[in-house]
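*Asks:* Listed here are the chains, written in short residue letters.
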Amino acid sequence: RKEVEQDPGPFNVPEGATVAFNCTYSNSASQSFFWYRQDCRKEPKLLMSVYSSGNEDGRFTAQLNRASQYISLLIRDSKLSDSATYLCTIGTSYGKLTFGQGTILTVHP
Amino acid sequence: DTGVSQDPRHKITKRGQNVTFRCDPISEHNRLYWYRQTLGQGPEFLTYFQNEAQLEKSRLLSDRFSAERPKGSFSTLEIQRTEQGDSAMYLCASRKQDSYEQYFGPGTRLTVT
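Sequences listed follow chains A and B, in order. Residue 1490 is where the first sequence starts when you use the numbering used here, and the numbers rise one by one after that. Residue 25 is where the second sequence starts when you use the numbering used here, and the numbers rise one by one after that.
So here's chain A without its partners, still in its complex pose:
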């Protein structure tokens, strides 16, 4: 079983749609949780950290459920520029990051 599992998609949605990505992780000792965004042939860029209390940054909302070992990302009012691969990511106490395979999102006009 992979340490971090996410649906690879692709998700194809129209502009303005709401889309949700889910992710599960297996290491209950994981310390930190993130969503990274990666454009084609570019490096991953930190989108947001994820906390148990849930956090929101504009159109993006992330949620962590430690009991179920489940992380989610909700994107509201999708823009063309949101098209990218979204990487569910967990971290250990010393900072090693483990990434999911990535979920491909394409937003079309």
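Treat the hints as calculated values from the structure; they're not laboratory data. Computed from a prediction, not measured in an experiment: that's the story for all the values here. Some hints could be false.
Examples of chain B residues lying across from chain A (beta carbon under 8 Å, computed) [unchecked claim]:
id, residue
1, G66
2, F89
3, E125
What follows is a set of in silico ranges between Cβ atoms, one per label pair, in the way DEER data are often shown [stated by the list, open to error]:
id, chain 1, residue 1, chain 2, residue 2, range
4, A, N1516, B, Q121, 18 to 24 Å
5, A, H1597, B, K95, 48 to 54 Å
6, B, S97, A, S1517, 32 to 38 Å
7, B, S29, A, N1516, 27 to 33 Å
8, A, R1555, B, G64, 28 to 34 Å
9, B, K95, A, E1545, 38 to 44 Å
Just so it is clear, CB atoms sit at the ideal spot from N, CA and C, and this is done for glycine as well.
Knowing the structure of chain A, use the given hints to seat chain B on it.
*Replies:* Chain B only, in chain A's frame:
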């Protein structure tokens, strides 16, 4: 621009040659990580430095791979006797001691022919 730089950005080499990549982290970041990413996969952890000390190495890092961070600033990753399976994007990331958030450089894309 996150401030992490990597050099070169692209490297094409023949099988059996040695290659070396450099990473310059964000200046106040004392922790530095190397990852490798192949097509269609997320990045995979290779190794980690806290200042100049290499504290963790993945099983992915065979004895052909060596990494250094001699003065606790920039780091190098060397691959000896390259194989076609080494073709990948090699990513460097850094973070501050009191934060879990890592910031990535643009990567070095290695192609072994």
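*Asks:* Now, for every hint given, state plainly whether the structure supports it.
*Replies:* Consistency of the hints with the structure:
no.	hint	result
1	G66	3 Å, holds
2	F89	16 Å, violated
3	E125	6 Å, holds
4	A/N1516 <-> B/Q121: 18 to 24 Å	22 Å, holds
5	A/H1597 <-> B/K95: 48 to 54 Å	49 Å, holds
6	B/S97 <-> A/S1517: 32 to 38 Å	36 Å, holds
7	B/S29 <-> A/N1516: 27 to 33 Å	31 Å, holds
8	A/R1555 <-> B/G64: 28 to 34 Å	29 Å, holds
9	B/K95 <-> A/E1545: 38 to 44 Å	41 Å, holds
Consistency with the previously given hints fails for number 2 only.
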